[in-house]
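Kindly produce the complete structure, drawing on both the sequences and the hints.
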Amino acid sequence: MNKDYWNKPAMGLWERLYIFEVIRGLCITGSVFFGNMWKWLTLRKGALTAYYPEEVRSDYSPNNRGRHVLTQRENGEVQCVSCNMCATVCPAYCIEILSTANFDDVFHPKAPERFEIDYSRCIFCGFCVEACPEDAIRMIKDIPDFPAFDRDTMCAPLDLLLNWRPTRDPAKVYPTQPQNGEVHPWAA
Amino acid sequence: MIQDLLIHLVFMGYAIAFMLGLATLFTWVERKQSAIMADRIGANRCYIRIPFTDIKLVAWGLFHGIADGAKMLLKENFTPTTYDRFCYNLAPWLAAVPVLLVFAVIPFGGTLVPGNLLDIVPFPHLAQPLKDFFGARSYQMQVARLDAGILVVLAISGVGIIGTILAGWSSNNKFSLLGAARAASQMISYEISMGLALISLVVTYGTLDLNEMVRYQSGILYGALPTWGIFMQPLAFLLFLTAAIAENKRVPFDLPECESELVAGYFTEYSAMKMGLFMLSEFIEIVVVSALLVTLFLGGYNLPWLTDAGFAFPNGATWAMPQPAVVLLQVLTFTVKVVLAGCFQIQIRWSLPRFRYDQLMRFGWKFLLPLAALNLVATVFVRWMNL
Chain A
39 MNKDYWNKPA MGLWERLYIF EVIRGLCITG SVFFGNMWKW LTLRKGALTA
89 YYPEEVRSDY SPNNRGRHVL TQRENGEVQC VSCNMCATVC PAYCIEILST
139 ANFDDVFHPK APERFEIDYS RCIFCGFCVE ACPEDAIRMI KDIPDFPAFD
189 RDTMCAPLDL LLNWRPTRDP AKVYPTQPQN GEVHPWAA
Chain B
668 MIQDLLIHLV FMGYAIAFML GLATLFTWVE RKQSAIMADR IGANRCYIRI
718 PFTDIKLVAW GLFHGIADGA KMLLKENFTP TTYDRFCYNL APWLAAVPVL
768 LVFAVIPFGG TLVPGNLLDI VPFPHLAQPL KDFFGARSYQ MQVARLDAGI
818 LVVLAISGVG IIGTILAGWS SNNKFSLLGA ARAASQMISY EISMGLALIS
868 LVVTYGTLDL NEMVRYQSGI LYGALPTWGI FMQPLAFLLF LTAAIAENKR
918 VPFDLPECES ELVAGYFTEY SAMKMGLFML SEFIEIVVVS ALLVTLFLGG
968 YNLPWLTDAG FAFPNGATWA MPQPAVVLLQ VLTFTVKVVL AGCFQIQIRW
1018 SLPRFRYDQL MRFGWKFLLP LAALNLVATV FVRWMNL
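Line by line, the protein sequences give chains A and B.
Positions in the first sequence are counted from 1; adding 38 to them yields the numbering used here.
Positions in the second sequence are counted from 1; adding 667 to them yields the numbering used here.
A couple of the hints might just be wrong.
[What the hints assert, rightly or not] Only some residues are given here: those of chain A computed to face chain B with a beta carbon under 7 Å:
id, residue
1, GLY63
2, LEU64
3, THR67
4, VAL70
5, PHE71
6, ASN74
7, MET75
8, ALA85
9, LEU86
10, THR109
[As the list claims (entries may be wrong)] In silico DSSO-like cross-links for lysine-lysine, where the CA-CA straight-line distance does not exceed 30 Å:
id, chain 1, residue 1, chain 2, residue 2
11, B, LYS1033, A, LYS41
12, B, LYS723, B, LYS738
13, A, LYS77, B, LYS723
[Said to hold, decoys possible] If you anchor each label on the Cβ, the simulated ranges turn out as follows:
id, chain 1, residue 1, chain 2, residue 2, range
14, B, PHE753, A, ALA130, 54 to 62 Å
15, B, ILE717, A, ARG62, 27 to 35 Å
16, A, GLU168, B, GLN1026, 56 to 64 Å
17, B, SER927, A, LEU79, 32 to 40 Å
18, A, PHE72, B, ALA1040, 31 to 39 Å
Rather than coming from a laboratory, the hints here were simulated on the basis of the structure.
Ideal placement from N, C-alpha and C gives every residue a C-beta, glycine not left out.
Have a look at this one:
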């Protein structure tokens, strides 16, 4: 019955009397309570947790990349050529692209009509950014911020990805569009 | 006659509103206080939207009590296949009703003279009808004025355990039965220390009437301290507090319903408002235990130096107050004391870890009981020697 446990608490008379240790514990919790309460009463925040989504945490890592943007060309067109590489490499299968054709723009005959990222499934691995040959998709220092009661509403459509934080890509230079009558070199 | 009936109906209504209101408040206090103690924000998602606007009244999460009640009332009332449907349905009532009954003998204010209630109003002819109606009748602010009030408290709070045992037994569930068995044994081991602590208190006060006890506590000890039970009987206060929390089945002694071992203990098989009744009776019991603590040890509705006529300070100065102001002050004092005592209980509940079962039994029988007996012997000795 009286087995000796390796982690048997070594209690002296003081701890054994119990009441004094109880008072000490109550003092600890009470001091925390009154400290936090004083902060609340003096209109400061007395908690370590943050309201979500009303409040943004300040302690995200500087390396945090939690949100996608689609970059734009100089003229505001989406830079994506809907090659589907990001959707192919995506381990969570959360990118869906529907292409449209525009043969007037000979350099970019293919463009996305719909480009959707399902943030309820995205694992923020950044593979899509790695895979993109056009530097059309990037990840920025933010959080997805899609609190919703419904999973279907957590998709980010093309408009949002373009306009969330519009990002131009001025480093990329394209040949000018062919003028009237001019023939593209590739077509010759 | 009709006046007596009217006044007592008002008292009853006040007592029930007091208990249910404070119990609902304590569900909020428990959430918020534990949250603030743990550096959290606490429940704040419930709101009432003002119609036709986007303004949401959050009120620090006060509406969570209403949301809880609505949720428990609207939930499916799932009934297990038990062999005793009658006992199963009876148990929540047996748990909740005695808790409500205990408050009947607790005085929540001093002497009320209803005829004088409108004395504050500057126009005497407005106060005259009330004077004519009530005459010079005076009432103790208490639902039931009983000579043996403290015995009634012990007797009725002892009945409450039957509901617990019945719930555990009739649920046809091993967890429930274990919880009920624990509740029963815990109850036996702590009622004795509680009773002994109360007897030493009775010896000190020389009366069983709670009203007389409170009146006794309006005196002055050594010229400065009020003769509150906590100063006359500090050890009995600690013993009673411990036993009362054990009786309440809250955290250091929550073995009958410990979540980590027994799901929810004796009310595992209860759902919807039947479960809500058990929860509510637990929170009402906080109120009742606080009220008992206040009545027996913390001076009841007394403020130091406050009498029915107004303040009488030890240096001889007096400050006469009209009767309605005194009544209001006494009721307010009682309420504030009860709220503070309840907050203290919640502080204990969120500070201490749970006892193991054998520790609990050892603590009850080998520590509290001898201490209570010693306290009683010492009190009797002091009383006998007239020290």
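Inset, instruction - Quick one: which hint numbers does this structure break? Sort them smallest to largest. - result: Numbers 10 and 15, in rising order.
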